[in-house]
Amino acid sequence: MAKANVTFEDIGVTVTVPAGTRMIEISEKVGAGIIYGCREGDCGTCLMVVTAGGDNLSEPSVLEDKILRENLAGKNNRLACQAQVLGGEISVRPA
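Take 1 as the starting number for the sequence shown in the UniProt record's numbering and just add one per residue.
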């Protein structure tokens with residue numbers, strides 16, 4: 001199974017995780033500062049900035065794209081509850 005190295009810049013931690021893991025699950029386990037409310041992609045509170053490796057995350061769903069637009073998110077913003085790792089190297093920080 002493919003693996004990914006995910007770095008949380010706010011706490012200076014890098015972890016190796018299996019492909020398909022949602023970013024919010026990883027953030028919770030390592031104690032990163034990405035907060036969340038609903039875990040379903042509706043509230044937009046888990047907004048994060050992808051500083052490197054955005055191509056190593058799943059494409060935004062229709063729902064995620066809608067919430068990102070409603071929150072006037074930048075091109076490097078994703079919802080941690082929706083973004084899944086695909087492999088490679090990824091770096092993020094809370095928005």
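In case anyone wonders, no lab produced these hints; they're calculated from the structure. The C-beta atom is built at its ideal place from N, Cα and C for all residues, glycine as well. It is possible that some hints are incorrect.
[What the hints assert, rightly or not] Listed below are the simulated DSSO-like cross-link pairs for lysine-lysine, each with C-alpha atoms no more than 30 Å apart in a straight line:
| id | residue 1 | residue 2 |
| --- | --- | --- |
| 1 | K3 | K29 |
| 2 | K3 | K66 |
| 3 | K29 | K75 |
| 4 | K75 | K3 |
| 5 | K66 | K29 |
[What the hints assert, rightly or not] Label pairs and their in silico Cβ distance ranges:
| id | residue 1 | residue 2 | range |
| --- | --- | --- | --- |
| 6 | D55 | T14 | 15 to 25 Å |
| 7 | E70 | A2 | 24 to 34 Å |
| 8 | E59 | R93 | 12 to 22 Å |
| 9 | T16 | G54 | 24 to 34 Å |
| 10 | S58 | R93 | 12 to 22 Å |
Against which earlier hints does the structure fall short, listed by number upward?
9
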